[in-house]
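Below, each chain spelled out in residue letters.
Protein chains: 2
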Amino acid sequence: METEFVKIVREHDLIRPGQKLLVAVSGGPDSVALLALFRRQAQLLGISLAAAHLDHGIRRESAEDARFVKDLCAELGIELICGEADVPALAQARKEGLEAAGRQARMDFLVQSAEAHGCDKIALGHHRGDQVETVLHRLLRGSGVSGLAAMAWQRDRFIRPLLGFARERLLDFLVEQRLPYRLDASNCDPAFTRNRIRHQLLPLLRSFNPRIEEHLADFSQRVALEEDYWRQQESQALAAARRPCDSGLRLDRQVLLSLQPALRIRVLRRALELARGDLLALGADHLEAVEALLFKPRPQADLHLPRAWVGRRYESVWFRPSAPEEPEPFDFSIPGPGSYALPDGRRLEFLLTAAGREAPDALEFSLEDVAFPLQVRSFRPGDRFRPDGDGGEK
Amino acid sequence: METEFVKIVREHDLIRPGQKLLVAVSGGPDSVALLALFRRQAQLLGISLAAAHLDHGIRRESAEDARFVKDLCAELGIELICGEADVPALAQARKEGLEAAGRQARMDFLVQSAEAHGCDKIALGHHRGDQVETVLHRLLRGSGVSGLAAMAWQRDRFIRPLLGFARERLLDFLVEQRLPYRLDASNCDPAFTRNRIRHQLLPLLRSFNPRIEEHLADFSQRVALEEDYWRQQESQALAAARRPCDSGLRLDRQVLLSLQPALRIRVLRRALELARGDLLALGADHLEAVEALLFKPRPQADLHLPRAWVGRRYESVWFRPSAPEEPEPFDFSIPGPGSYALPDGRRLEFLLTAAGREAPDALEFSLEDVAFPLQVRSFRPGDRFRPDGDGGEK
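Chains as they are written, first to last, in this note's numbering: chain A, 1 to 394; chain B, 395 to 788.
Treat each hint with caution, since some may be false.
Calculated cross-link-like contacts (lysine-lysine; reagent style DSS-like; alpha-carbon spacing at most 30 Å) [stated by the list, open to error]:
| # | chain 1 | residue 1 | chain 2 | residue 2 |
| --- | --- | --- | --- | --- |
| 1 | B | LYS489 | B | LYS414 |
| 2 | B | LYS464 | B | LYS414 |
| 3 | B | LYS414 | A | LYS296 |
| 4 | B | LYS690 | A | LYS7 |
| 5 | B | LYS515 | B | LYS414 |
| 6 | A | LYS95 | A | LYS20 |
Listing some non-contacts, in silico: residues in chain B with all C-beta distances to chain A over 12 Å [claimed, not checked]:
| # | residue |
| --- | --- |
| 7 | VAL400 |
| 8 | GLY422 |
| 9 | ARG488 |
| 10 | MET501 |
| 11 | GLN506 |
| 12 | VAL649 |
| 13 | LEU676 |
| 14 | GLU709 |
| 15 | PRO718 |
Since the hints were derived computationally from the structure, they do not count as laboratory data.
We put the CB at the ideal spot given by N, CA and C, even for glycine.
Can you build the whole structure from these sequences, using the hints too?
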């Protein structure tokens with residue numbers, strides 16, 4: 001197993017000789033195995049090590065976990081960075097669940113610790129079982145293809161060297177090395193979906209196919225590889241559809257309509273991701289609603305989604321975090337050329353020019369046809385104009 | 395439900411007014427519901443109907459099934475085409491399983507019946523439950539992404555108008571319409587994987603998410619849409635990599651190496667599909683072996699796969715159903731210009747020419763440097779030549 005571990009670290013270029021690694025240690029079997037593997041192979045890999053543990057204050061056992069990790073690191077002779085966080089308070093402040101708040105606090109703590117102690121990489125203990133449970137969890141919740149992509153071996157400063165190992169192999173290694181570990185009490189409570197997946201669903205799936213975990217892990221690796229390709233295709237198509245605009249994103253409707261449907265849906269999702277910053281709480285239904293906006297005969301329509309606004313304006317589709325504010329209406333008369341303040345802070349510059357510029361979005365009047373004072377006001381429902389003098393009006 | 399049924403038939407353009415439809419009827423609930431729905435909506439849809447039933451001779455009940463379908467069609471006033479097949483004998487002759495042989499016999503019978511009775515389309519009774527069970531079955535067996543693509547609403551002459559309906563809705567419709575049906579005895583035997591999926595796995599999945607079947611059906615629809623895009627991309631990349639050759643397929647190694655890895659694996663699979671005619675019995679391991687051939691430093695290597703041969707020859711990769719035959723060795727002397735038979739049936743034309751043609755694959759000799767008789771023989775291991783006179787040899 002140790003040979004395989006070193007091979008994986010090298011093949012995926014997870015850390016290089018001369019670098020310093022921070023190992024995240026909760027005290028559970030996965031992170032203890034991770035720490036021990038790196039401890040035994042640090043010399044061969046030419047790296048130096050430190051460990052980090054966050055006391056999250058969620059369960060009563062958290063102080064005991066911290067004590068356990070301290071003893072373990074002392075015994076292994078590894079520098080330990082300890083931190084504390086009041087996750088329940090954070091969760092309340094951010095209106096998040098305990099799990100999400102705990103994950104965020106842990107990540108923040110790890111990144112700060114790595115900075116403070118000059119660590120180049122941070123190792124996480126996720127193994128194949130976590131990968132498989134995540135895939136099943138997402139599938140059960142109704143995820144699309146993208147959601148089934150495997151966790152990355154490496155992302156930013158984080159590495160996951162155990163992704164290729166089954167939980168059972170890590171446990172065997174711990175027994176072999178006579179290493180102690182702490183069991184998370186919540187792991188044994190089948191009320192949590194994650195634990196029901198582990199203790200009810202996976203055993204049933206294994207009765208269909210004893211190699212199911214290997215298959216599902218391979219499956220998610222293949223999906224991750226295909227997602228890389230999709231991201232390329234999405235970027236290309238998005239660049240082709242994008243039009244200049246002040247804020248948010250403006251896409252050309254005709255370019256979107258010309259895309260293959262699967263790519264189009266992905267480009268719309270990507271546009272929403274860019275406008276909002278993430279995809280949380282967006283589902284397939286929302287994307288279908290955006291797509292419907294493109295195909296509707298109505299040339300102007302608005303769509304209000306969670307933390308996003310999508311507006312169709314003829315051949316443009318706008319994506320913004322929120323609907324643009326209605327401009328404050330105005331109505332005043334001007335005696336002649338000059339500079340006039342509008343109620344929203346903008347200014348209207350009115351000047352006379354010799355060189356006219358008639359264009360689809362500009363209209364030229366001869367000074368003889370204009371009589372001051374002029375009345376200047378914002379659009380009102382019911383206003384009409386004749387674009388071309390051809391008898392039609394809008 | 396009937397309104398929804400008509401809407402689906404029209405939206406997916408499954409059959410048009412004036413056409414004749416053949417409905418495949420086994421006697422089970424799905425096909426009875428399918429027949430009854432079309433019977434009730436035939437006038438609205440402007441189509442005419444016939445039914446077809448194959449007595450497959452697998453179980454003792456098959457004669458009773460045939461009798462049941464005859465009575466049902468007589469009562470509904472629908473023309474019935476009956477056929478018989480000895481599926482166990484066919485399976486033995488073709489060395490296939492009963493299920494595969496039965497499916498093939500049924501498809502052949504339906505296509506022939508449609509031809510003989512002037513039917514434009516053939517309706518099959520697959521519903522959402524079948525779709526979901528297929529996805530789970532494939533996932534359990536270790537399928538890749540492509541294997542999870544939904545059945546098509548329409549393919550060739552076959553249509554599947556019930557794909558959007560859950561089994562329960564079809565059963566409710568049958569009760570409402572007081573329609574009888576036959577239950578396949580094999581459906582209740584949990585020894586078959588398919589039935590274990592239905593009676594053990596799906597109930598557990600529903601306890602995680604009551605809408606799991608809807609989710610999985612949507613998931614497979616999205617995969618099918620994305621597969622369409624992949625097929626386009628594969629075709630483009632394959633066309634770019636393809637080089638002329640006599641038989642099988644020859645691809646340019648450099649073009650293959652330049653592809654994004656997920657696309658490359660798919661192009662290799664497509665090449666194998668074209669060389670063999672199908673992808674049966676090919677797995678991810680085989681594809682990885684073909685890919686390894688591209689990256690190996692050895693410029694010449696052969697790979698023998700089930701019903702396929704892949705050969706790397708420097709910058710070319712060949713795909714064939716079987717390895718090319720080794721040419722019969724020859725060794726003879728020729729007294730001068732003329733035409734000489736080779737043992738494999740080809741001929742060697744030897745002539746003198748005034749206009750020389752020196753090229754990377756052709757060598758020019760002056761007649762003064764050549765002394766007859768010349769010895770002509772095929773390649774032997776150990777033969778060496780100096781390509782450029784620059785001191786190097788091969």
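Results for each hint:
no. : hint                : result
1   : LYS489/B x LYS414/B : violated, 36 Å
2   : LYS464/B x LYS414/B : holds, 20 Å
3   : LYS414/B x LYS296/A : violated, 34 Å
4   : LYS690/B x LYS7/A   : holds, 19 Å
5   : LYS515/B x LYS414/B : holds, 7 Å
6   : LYS95/A x LYS20/A   : violated, 36 Å
7   : VAL400              : holds, 22 Å
8   : GLY422              : holds, 24 Å
9   : ARG488              : holds, 27 Å
10  : MET501              : holds, 28 Å
11  : GLN506              : holds, 35 Å
12  : VAL649              : holds, 16 Å
13  : LEU676              : holds, 15 Å
14  : GLU709              : holds, 24 Å
15  : PRO718              : holds, 32 Å
Consistency with the previously given hints fails for numbers 1, 3 and 6, ordered from lowest to highest.
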